[in-house]
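If you read the protein sequences in the order shown, they are chains G and U. Take the first sequence: its position 106, counting from 1, is numbered 106 in the working numbering, and each next residue is one higher. Take the second sequence: its position 263, counting from 1, is numbered 263 in the working numbering, and each next residue is one higher.
Don't read these hints as lab results, they were simulated from the structure. Please note that a few of the clues may not be correct.
Claimed, not checked - Some chain G residues close to chain U (C-beta under 10 angstroms, calculated; not the full set):
| hint | residue |
| --- | --- |
| 1 | Leu-46 |
| 2 | Pro-54 |
| 3 | Ile-57 |
| 4 | Trp-95 |
| 5 | Val-106 |
| 6 | Gly-155 |
| 7 | Ala-176 |
| 8 | Pro-178 |
| 9 | Val-294 |
| 10 | Phe-297 |
| 11 | Leu-306 |
| 12 | Arg-309 |
The structure presented is a predicted model; accordingly, all values stated were derived computationally and were not measured. We treat Cβ as the ideally placed atom computed from N, Cα and C, and that holds for glycine.
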Amino acid sequence: MTETTTTVGRPVAPPAPPAPPRPRTRRTSTRTRLELVLLLGPALVLFALFVLAPIGIAAFYSLYRWNGFGPLQDFVGLTNYTDALSGPVFQSAFWHNVIIVVLSLVVQLPLSIGLALLLNQRLRGRAVLRAVVFAPYVLSEAVTAVIWLLMLQPGGFVDRVLVAAGLGDLVQQWLADPDVVLYTLFAVITWKYIGFGVVLLLAGLQAVPVEVREAAALDGASPWQTTRLVVLPLLGPTIRIWIFLSVIGSLQLFDLVWIMTLGGPANASTTMATYLVDHGFKRYEFGYGSAVAVVVFVVCFLFALLYQRYVLRRDTEGAVTRMVG
Amino acid sequence: MAVHVSSRSRFGTPAGYLAAALIVGVTVVPLLFVALGGFRTTAQINAAPAGLPGPWVWDNYRAILVSETFWQFLGNSALIAVIATVLAVGLGSTAGFALSRYDFRGREAFYTLFTLGLLFPVGLAALPLYQWLRQLGLLENPLGVALPQAAFSLPVTIVILRPFMRAIPIEMEDAAVLDGASRLGFFWRILLPLSVPALITVSVLAFVTSWNAYLLPLLVFNDATNFTLPLGVATFQSQYSQDTALVLAFTALSMIPALAFFVLAERRIVGGLTGSVKG
């Protein structure tokens, strides 16, 4: 731990600082170093203690068989990794995350774009509308989970509304049927997060000058052509960022699933994150759970790296994460 | 989308209003179900889940408002969120200042290090973090939640503040120095006041993130008197699962702070998210 802090902290006061833009005396540069330590130090210590250290510690634990208590002594090498990667439950958890990622891209993205295009008109009360659409995003996943848990009870609100609308055939055991539960959860996720995409895209749309649309219309483009060939390409950067945030979020899905199903029934809705918490805190397999955490982190990191390299690069010259927020 | 630009610019189209009505319905109906359900009895809800209150029952809301539990959860959430926000914004702004207005070797490396945190949410850190907090003696302690939350909020804070602070012209700093201000004096008296809009945005983000967190409080707190609101709602739901009306009232009340906060800070939240995403 201390090691991490010091290695991280060392470059704060480099032995020979590069020439500053304006020449400063030697005395100031000592002072500058002191200021840097003072300004950057506390944030670095906090960050190292609670963000960087856990990454390192997880990698360390992952090499042991350990129940979370007592000394670490049962070194098992990479066994935890091979167990996780070859285990059917972890594999299905991984695929559940992939399904959520794919569904988000195939369902949420077109839906967000469509809604944003429709809402990007001079509708009366558009500001209120924007706020309403965004509201579920500020609720916690815990509250969202409880709301939908109650609405989706067998014979509950959702079922009754469907029956009343003449769609009684659609009624399912929303959270108890292993074939349905993942899609139910996806619908709830969509309810909570669609507003974020819509608001993001609306902001992007407002940056498209009216003149561009008008010019396209003057050149004889139909509204659909204008949208598809002019507006959507201009939304490219916004869409690419949305995709990035959505994928990272989908890969790390936890709260909602944990409260609504605990990953059940019969692991039908287990995600990588619920899998790791389940093994760590319910079964006291801390070493194994840590290995899973490292795997998930590597998956996210690889995705971020590849996405940055091949997709985002044209939008920004900075680090991939410069754009995330 | 068969809409002409000219008609589009004057009024919304019927399709637009239809979509608007649909999305408002889908968004608002679940919230109304919760809020109105709290005014019914469980028997009424079971008989007609989609019904309206009639007669209106005030007992559920009253029971929760007079019980200590709800206020305790609320107070715990507020305390933790305030500590986490103050720490994240306080330390994040000094670090942002150093990373934006000082030239030193390794500056970009530090920045990249912080941004790496964006890829590593609390969920993945759960197991080692729990062990670590136990060794530090921070279990059952509000700081056990607030400190990691502040640390995990630093990346976003710095990512938003750095470009903002960097954009403030160097001439201002020179002028301050001419007037005898030290660099830290410039930071404190000029840069921070100028950064207030960005500071509000990052504060709102840090606060909401902390306020809504579920996993970390779940790990740190066993004692129900320490619970935060999200943890409390989830626990309450499983404890009183047969008393649906009470759970609905509890959930409705616990939505109010977040929604009220959102109404007050909507522009900041939306602006902050869209702004930071645009880089």
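Hints and how they fare:
no.	hint	result
1	Leu-46	holds, 5 angstroms
2	Pro-54	holds, 4 angstroms
3	Ile-57	holds, 4 angstroms
4	Trp-95	violated, 19 angstroms
5	Val-106	violated, 19 angstroms
6	Gly-155	holds, 7 angstroms
7	Ala-176	violated, 15 angstroms
8	Pro-178	violated, 21 angstroms
9	Val-294	holds, 8 angstroms
10	Phe-297	holds, 5 angstroms
11	Leu-306	violated, 13 angstroms
12	Arg-309	violated, 15 angstroms
In summary, the numbered hints that this structure violates are 4, 5, 7, 8, 11, 12.
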